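Q: Sequence:
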Amino acid sequence: MCLVLEIVLLAMVAAFLGMRLYSVLGRRAEQEEESVPQRFDSDDKPASIARPAQTTAAVPARPIELDGVMPAVERGIREIASADNRFNLGQFLEGARGAYQMVLEAFWNADRETLRELCDDDVYEGFVAAIDAREAAGETLESSLIRIEETRIHSASLDGRMARISVLFIADIASVTRDKDGNVIAGSLDDAIESRDVWTFARNTAARDPNWLLDETDEG
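According to our numbering, the stretch in the sequence shown is residues 221 to 440, in order.
These are computed hints drawn from the structure, not numbers from a lab. Being a predicted model, the structure only gives us computed values, none of them experimental. Just so you know, even glycine gets a beta-carbon here, dropped at the ideal spot from N, CA and C. A hint or two may mislead.
[Stated by the list, open to error] Label pairs and their calculated CB-CB ranges:
(1) L409 - N305: 43 to 51 angstroms
(2) T371 - D331: 47 to 55 angstroms
(3) G380 - G402: 46 to 54 angstroms
(4) A349 - G440: 19 to 27 angstroms
(5) V418 - T334: 15 to 23 angstroms
(6) E325 - E436: 13 to 21 angstroms
(7) D401 - E439: 26 to 34 angstroms
(8) P291 - E314: 21 to 29 angstroms
(9) D342 - I405: 22 to 30 angstroms
(10) R367 - E337: 38 to 46 angstroms
(11) K400 - P291: 19 to 27 angstroms
(12) E369 - G346: 21 to 29 angstroms
(13) T397 - E337: 35 to 43 angstroms
Model the full assembly from the supplied sequences, consistent with the hints where possible.
A: Structure representation (structure tokens):
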């Protein structure tokens with residue numbers, strides 16, 4: 221009788237352990253089976269995978285709108301944004317428009333101090349040489365920026381830590397040049413002429429100074 225009772229008790233213990241083991245393994249197996257289809261949507265396309273923390277930290281926080289630009293330009297802009305997390309394309313273009321107007325007015329008014337602040341050495345010397353020649357000839361220049369019709373990224377590149385972005389400006393400018401006696405020798409203030417300029421701005425992305433300098437001027 222005791223032997224039968226002992227066998228029954230052992231069978232009950234074995235059954236209990238078996239049920240516990242099945243409940244643990246069964247839930248784990250169900251979880252593993254359910255995790256597989258969650259990686260794909262109904263169209264069998266790969267679902268998005270969360271990036272590691274160190275990867276997401278390197279992604280620029282601000283989206284960069286580059287609709288309609290050439291692939292080479294887009295690549296250059298993204299390289300600059302990766303090298304300088306303070307770079308904002310919208311703010312850059314707004315600043316470039318302001319610099320375009322300020323540099324033109326400084327040149328027209330022979331404002332060498334403003335030109336010194338906004339241009340690098342080569343461009344500054346070019347503007348100053350033109351101003352000196354104008355003053356030596358006794359000529360005066362009267363000009364007006366009527367409007368800036370368009371501002372568009374022309375090219376962008378990152379060479380080491382040096383970022384360079386060229387901007388195409390399409391603007392209407394009225395200008396007249398007078399000789400030392402006040403006679404008009406070129407231009408007219410009554411007729412604005414379309415001007416197409418490609419100006420290149422440069423900045424060392426490792427520098428603390430956030431300002432860009434006018435590095436090159438060319439006709440568009």
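Q: Each of the hints needs a verdict: does it hold here or not?
A: For each hint, the structure was consulted:
As the Cβ distance of L409 to N305 is approximately 45 angstroms, the hint placing it in 43 to 51 angstroms holds. Remark: the range hint 47 to 55 angstroms for T371 to D331 is contradicted by a beta-carbon distance near 23 angstroms. Separation of G380 from G402 is about 51 angstroms and conforms to the stated range, judged on CB atoms against 46 to 54 angstroms. Range check, A349 to G440: about 22 angstroms between beta-carbon atoms, so the 19 to 27 angstroms window is met.
Look at V418 against T334: about 21 angstroms separates their beta carbons, and that is inside 15 to 23 angstroms. Between E325 and E436 the Cβ separation comes to about 20 angstroms, which falls inside the hinted range of 13 to 21 angstroms. At about 31 angstroms, the CB distance of D401 to E439 agrees with the hint of 26 to 34 angstroms. In this structure the supplied range 21 to 29 angstroms holds for P291 paired with E314, their Cβ-Cβ distance being about 24 angstroms.
Between D342 and I405 the CB atoms are about 28 angstroms apart, so this pair conforms to the stated range of 22 to 30 angstroms. At about 25 angstroms, the beta-carbon gap between R367 and E337 misses the expected band of 38 to 46 angstroms. For K400 and P291, the Cβ-Cβ distance of about 52 angstroms falls outside the hinted range of 19 to 27 angstroms, so the restraint is violated. Checked against the hint of 21 to 29 angstroms, the pair E369 and G346 passes, with Cβ atoms roughly 25 angstroms apart.
Distance hint for T397 and E337: a CB-CB separation of about 26 angstroms, inconsistent with the stated range 35 to 43 angstroms.
Of the hints listed earlier, those the structure fails to meet are numbers 2, 10, 11, 13, in rising order.
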